[in-house]
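Chemist: Residue-level listing of the chains:
4 protein chains.
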Amino acid sequence: MIEKKRVIIDTDTAGDDTIAILTALHYFQVEGITITGGNVQFDQQVENALYTIEVAGKGGQVPVYKGYERPLMGLGEKEHRTVEDVHGKDGMGDSFFDKAIQRPAEGHAVDFLIETVHKYPGDIHLIAIAPLTNIAMAIKKDPTIVPKIPHLYIMGGTNNALGNITPSAEYNFWVDPEAAKIVLHSAIPITMVGWEMCTEYSIMDDTDHEAIAALATKGSKFFTDINQVVMKFNKSVHKLNGTTHPDTLLAAVAAKEEIMTKSNLYHVDIELTGELTRGYSLVDINNRLERKKNVRVCEGIDRDAFEAMLFDVLRSIQ
Amino acid sequence: MIEKKRVIIDTDTAGDDTIAILTALHYFQVEGITITGGNVQFDQQVENALYTIEVAGKGGQVPVYKGYERPLMGLGEKEHRTVEDVHGKDGMGDSFFDKAIQRPAEGHAVDFLIETVHKYPGDIHLIAIAPLTNIAMAIKKDPTIVPKIPHLYIMGGTNNALGNITPSAEYNFWVDPEAAKIVLHSAIPITMVGWEMCTEYSIMDDTDHEAIAALATKGSKFFTDINQVVMKFNKSVHKLNGTTHPDTLLAAVAAKEEIMTKSNLYHVDIELTGELTRGYSLVDINNRLERKKNVRVCEGIDRDAFEAMLFDVLRSIQ
Amino acid sequence: MIEKKRVIIDTDTAGDDTIAILTALHYFQVEGITITGGNVQFDQQVENALYTIEVAGKGGQVPVYKGYERPLMGLGEKEHRTVEDVHGKDGMGDSFFDKAIQRPAEGHAVDFLIETVHKYPGDIHLIAIAPLTNIAMAIKKDPTIVPKIPHLYIMGGTNNALGNITPSAEYNFWVDPEAAKIVLHSAIPITMVGWEMCTEYSIMDDTDHEAIAALATKGSKFFTDINQVVMKFNKSVHKLNGTTHPDTLLAAVAAKEEIMTKSNLYHVDIELTGELTRGYSLVDINNRLERKKNVRVCEGIDRDAFEAMLFDVLRSIQ
Amino acid sequence: MIEKKRVIIDTDTAGDDTIAILTALHYFQVEGITITGGNVQFDQQVENALYTIEVAGKGGQVPVYKGYERPLMGLGEKEHRTVEDVHGKDGMGDSFFDKAIQRPAEGHAVDFLIETVHKYPGDIHLIAIAPLTNIAMAIKKDPTIVPKIPHLYIMGGTNNALGNITPSAEYNFWVDPEAAKIVLHSAIPITMVGWEMCTEYSIMDDTDHEAIAALATKGSKFFTDINQVVMKFNKSVHKLNGTTHPDTLLAAVAAKEEIMTKSNLYHVDIELTGELTRGYSLVDINNRLERKKNVRVCEGIDRDAFEAMLFDVLRSIQ
Ligand SMILES: [Ca+2]
Ligand SMILES: [Ca+2]
Ligand SMILES: [Ca+2]
Ligand SMILES: [Ca+2]
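Chains as they are written, first to last, in UniProt numbering: chain A, 1 to 318; chain B, 1 to 318; chain C, 1 to 318; chain D, 1 to 318.
Treat the hints with care, as some may be off.
[What the hints assert, rightly or not] DSS-like cross-link-like pairs, simulated, lysine-lysine; straight-line CA separation at most 27 Å:
1. C/Lys262 - D/Lys235
2. D/Lys292 - C/Lys235
3. C/Lys293 - D/Lys232
4. B/Lys141 - C/Lys235
5. D/Lys141 - C/Lys232
6. A/Lys148 - A/Lys119
7. A/Lys4 - A/Lys292
8. C/Lys232 - C/Lys58
9. B/Lys221 - A/Lys292
10. D/Lys235 - D/Lys221
11. A/Lys148 - D/Lys232
12. C/Lys256 - C/Lys293
13. C/Lys5 - C/Lys235
14. B/Lys89 - B/Lys119
15. A/Lys58 - A/Lys119
16. C/Lys232 - C/Lys218
17. C/Lys235 - D/Lys262
18. A/Lys141 - D/Lys292
19. D/Lys232 - A/Lys141
20. C/Lys256 - C/Lys148
21. C/Lys5 - C/Lys58
22. D/Lys148 - C/Lys292
23. C/Lys292 - D/Lys239
24. B/Lys293 - B/Lys262
25. C/Lys239 - D/Lys262
26. D/Lys292 - C/Lys232
27. D/Lys239 - A/Lys141
28. A/Lys99 - A/Lys232
29. A/Lys235 - B/Lys262
30. D/Lys221 - C/Lys293
31. B/Lys239 - B/Lys221
32. A/Lys262 - B/Lys141
33. B/Lys292 - A/Lys232
Treat the hints as calculated values from the structure; they're not laboratory data. Only a predicted model underlies this, so the values are computations on that prediction, with no experimental measurement involved.
With the hints as constraints, model all of the structure from the sequences given.
Modeler: Here's what the structure looks like:
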């Protein structure tokens, strides 16, 4: 039997984060889940992560650590907007699930990250499906972890395409652009799956949802529940006919890189100071700036393979 | 006989600007050509415009006015980069044509613009295929021209796509973003054709060039000459297999709006202060910012119709 | 008899601008007055300038040209704040004087500036007591005037001191920082008198006002009238016990440079992009940036000499 | 006997930091010293702090914790400039002292800060004489420490005066403006002593240095040694005739607030995005912005009292 790779998932658990967690729990040895400020109220996110572990039947087996509740430069109420309009008040499609039995682990997410990387040098892959605050802060607190992290998979940014939270920016990078900049400049090997990959390859329309419902598993039921609000939001705001699964797509790419049909190494950087472009991700496809190529950018996905993975995950959760 | 619409062309004449001028001379009553700083040395641009009029057989019939030689905030040598690498040293594919007989008109481009708009209120359409310095300065000097301009066609910016001079910006908007901002906020009705329209619909590959050469007119010979450098540049820098015709595409759209197969009214704005994004054009497709929709953005072109127009123009120049 | 120097005064005529105009009319051959957007409604400023000429007994002898009504990047209502709170609704201490007989000259201020500089090359000194929009636009429209301008005196900015309109910026530079930047980088020889010179050396307290009133001339009466509002404003906002005379101080320095007891040539630049510091004037006293020294900055005034000049001016207007 | 107040000193130990540490050790119960990136190479700073404790005769009694070696947004080599030109290659006036016996404590400065504040809630005063990276990071990692910190004394910024590292910024705020912003917005009660207080009240000229040398103590000898380089630097760069003691002045103010002859509560904020003004500290003396008054700004010092304190400290170190 092949041993599963060790990962830590950093998440602002709401909506698609949960399916990404289920996917990661399916394909990886998940050492822990760290929570960072983002989608909805922080403590709700923590509960969502704990509940999702329970859904996967792994309650008590995967520790959940609380991390930074707000972005680096989130001063007072400024610059941190939660998105209950996208994911529902509870971030779970207004499902208002019961509280999980498992409680958060003691200690700060950033210390857990640092210690675990040092404990398994070269073995801990990071799956980042949230603003990059926790990961940036780990790098800043202990830069010696950098060479010990083999790969970091990031859902975030756009590759010369329309953003989601503003026209110029994707939500995760927009919430904490300083953190994104720190991480992108860290020299950790990175794969980035941008928002446009999600709108092009991850959408599940009504037919897909019916097929998923037909699985009639605990996993498929959970999928249906948590996607109730985002379906409506996508139709009205993004003019997208279905639910979007950026975090699950990222987790799937991390699990099976071969579902990426196209990717290239580019220089990627983050705008901090623009009046209209804070959080914009520059992807220098034609190498006009002649700067260091620091990120492998996903540019194509085998949609069928991705869908098959998603179905496998949901089918397996009985 | 239908009377032709009156236009003024504002251009930094080099490369494709010349074919756009030929196109405009073919379809419009061109009241004058104004030159703004951009592609190559200013005086060379003036000569290129004069020569192009001569090629069209209209020497002495269309006045050429010198305007602003540098962008608004072009201080010293800062922030104005000419692009002889794209268009050749003379901006004409290194053709080094003889000087035209016609000389520039007396007076400043901006005063010609203001006077002509007042002379024919509601009749002067503007075709802008250069940094927007002249047009912005006309608006600032005399804001009363604004309601008298029925439409302004702009080649510039990108619609959520890769730029050409930097990853985040298209050349015309990047050279003078302050001017672009002034123009976009002016309340003049605007149609914008971005760089991504050009790369998607205007490219002429080797086969197209052969077909054009086969026309064996003075027009087709001129087309071949001035495109010698840009063909190589596009292959090596933009990974594009052919020559690009952004300005001609814009002139064609102005002449026959029906070749636009798709367009929408969006809020468009320009980033001035970004460290990575100066000159970036924000196009708010999903109306996330809920701001005034100020620009009709071209999103699709009937390529065959465009090509037919180009061939008509080149064929007609004997 | 010594011939007076030729000057053009650029002004947003309200409050102390009027006394500066009287001062300039006293000491110089004033070729014209150009009006730029600033203190109060533009047309009111034009009337204020015309009225002031009449007060000086020179009605019809000094042309007044209308220039730019708004700053370069003043888009819609953004970024141009008038200050009727400082100068009264009419900019004249709520005096609501009758309209002058003289009317504005035909033509745009910027063209008058350009033509006059070319007419008297090397002879036209500029006195700038307003946002620098007109002067910047003249330089941009015709850069060949630069070497023909012997000196430009500017009231604006601060020399490492508290601003007046914001903590970091003085009003004239803050209204149109882009214009200020264009002018400071133009290579015209410049003397700058900052706001802190005004608060340190130009304040007229109650005793001074009584002495001025005692002159009992038309000039002294006018001075008393137009200073009615600013006296209260200074006490409540700037904690200054008296009226401030930045523009008159500048005009006096231009007329008699020897009243400057201290001045040095420094590198001066303007911040455009700061979130808190737009319009801030950097004065590099210790040459830390090692950039071109472009401005002679006034650092000390002979207060008695200045006061004597003011009294001479007001006394002479019978 | 009155119990001494508990403090933690955060320092980038070089030059005057050492005398500030001696001052704090004299007047306070120093719970620990935390080191942050700044003046010179990080490990050198750690050694300088350890050595200084030894000079004070307290080797092994006061723990020294290593903190953040670089500012928050210090990416690669960008934006962190050490200043060996000011303080000598070793930050100790090129004295190259022997290594102290005491070694740094285990654990990260930020965790020591958090734990100690929680251990003595309401009792730990912070003395910050370095870039504010460590303190900002403590606040971000555990915002619950904020209400438990009674006061934070900061040497940093300027109050509408010339900076030292750039014309617009003081070194500590310039090195890590994001950290400064986080700290200033934290709601911790703050007293700020800016660079202009230092140049106005803390300078020790040749006569002062002779008087200090005449003390002929270990303390006075140390003072003489570490000030060898800065004396020359100040004369050539800042045109100051003597050594500057910003950090010692801050420590003295913290120890005896009554040496402040003038201070006021103002709104203070930090510029992050300016092209010329990154790290500029806005001090809104006239409350023009009508924002929250968050910092007590020192505006006057009893120089004699300060000097007496310094002499007491140096005399006491035998
Ligand atoms: Ca997420
Ligand atoms: Ca062009
Ligand atoms: Ca004025
Ligand atoms: Ca220090």
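Chemist: Indicate, hint by hint, whether the structure satisfies it.
Modeler: Hint-by-hint comparison with the structure:
{"no.": "1", "hint": "C/Lys262 - D/Lys235", "result": "holds, 21 Å"}
{"no.": "2", "hint": "D/Lys292 - C/Lys235", "result": "holds, 22 Å"}
{"no.": "3", "hint": "C/Lys293 - D/Lys232", "result": "holds, 25 Å"}
{"no.": "4", "hint": "B/Lys141 - C/Lys235", "result": "violated, 38 Å"}
{"no.": "5", "hint": "D/Lys141 - C/Lys232", "result": "violated, 49 Å"}
{"no.": "6", "hint": "A/Lys148 - A/Lys119", "result": "holds, 10 Å"}
{"no.": "7", "hint": "A/Lys4 - A/Lys292", "result": "violated, 32 Å"}
{"no.": "8", "hint": "C/Lys232 - C/Lys58", "result": "violated, 31 Å"}
{"no.": "9", "hint": "B/Lys221 - A/Lys292", "result": "violated, 42 Å"}
{"no.": "10", "hint": "D/Lys235 - D/Lys221", "result": "holds, 22 Å"}
{"no.": "11", "hint": "A/Lys148 - D/Lys232", "result": "violated, 45 Å"}
{"no.": "12", "hint": "C/Lys256 - C/Lys293", "result": "holds, 23 Å"}
{"no.": "13", "hint": "C/Lys5 - C/Lys235", "result": "violated, 37 Å"}
{"no.": "14", "hint": "B/Lys89 - B/Lys119", "result": "violated, 38 Å"}
{"no.": "15", "hint": "A/Lys58 - A/Lys119", "result": "holds, 23 Å"}
{"no.": "16", "hint": "C/Lys232 - C/Lys218", "result": "holds, 23 Å"}
{"no.": "17", "hint": "C/Lys235 - D/Lys262", "result": "holds, 21 Å"}
{"no.": "18", "hint": "A/Lys141 - D/Lys292", "result": "violated, 31 Å"}
{"no.": "19", "hint": "D/Lys232 - A/Lys141", "result": "violated, 36 Å"}
{"no.": "20", "hint": "C/Lys256 - C/Lys148", "result": "holds, 22 Å"}
{"no.": "21", "hint": "C/Lys5 - C/Lys58", "result": "holds, 17 Å"}
{"no.": "22", "hint": "D/Lys148 - C/Lys292", "result": "violated, 50 Å"}
{"no.": "23", "hint": "C/Lys292 - D/Lys239", "result": "holds, 20 Å"}
{"no.": "24", "hint": "B/Lys293 - B/Lys262", "result": "holds, 16 Å"}
{"no.": "25", "hint": "C/Lys239 - D/Lys262", "result": "holds, 17 Å"}
{"no.": "26", "hint": "D/Lys292 - C/Lys232", "result": "holds, 25 Å"}
{"no.": "27", "hint": "D/Lys239 - A/Lys141", "result": "violated, 39 Å"}
{"no.": "28", "hint": "A/Lys99 - A/Lys232", "result": "holds, 26 Å"}
{"no.": "29", "hint": "A/Lys235 - B/Lys262", "result": "holds, 21 Å"}
{"no.": "30", "hint": "D/Lys221 - C/Lys293", "result": "violated, 42 Å"}
{"no.": "31", "hint": "B/Lys239 - B/Lys221", "result": "holds, 25 Å"}
{"no.": "32", "hint": "A/Lys262 - B/Lys141", "result": "violated, 51 Å"}
{"no.": "33", "hint": "B/Lys292 - A/Lys232", "result": "holds, 25 Å"}
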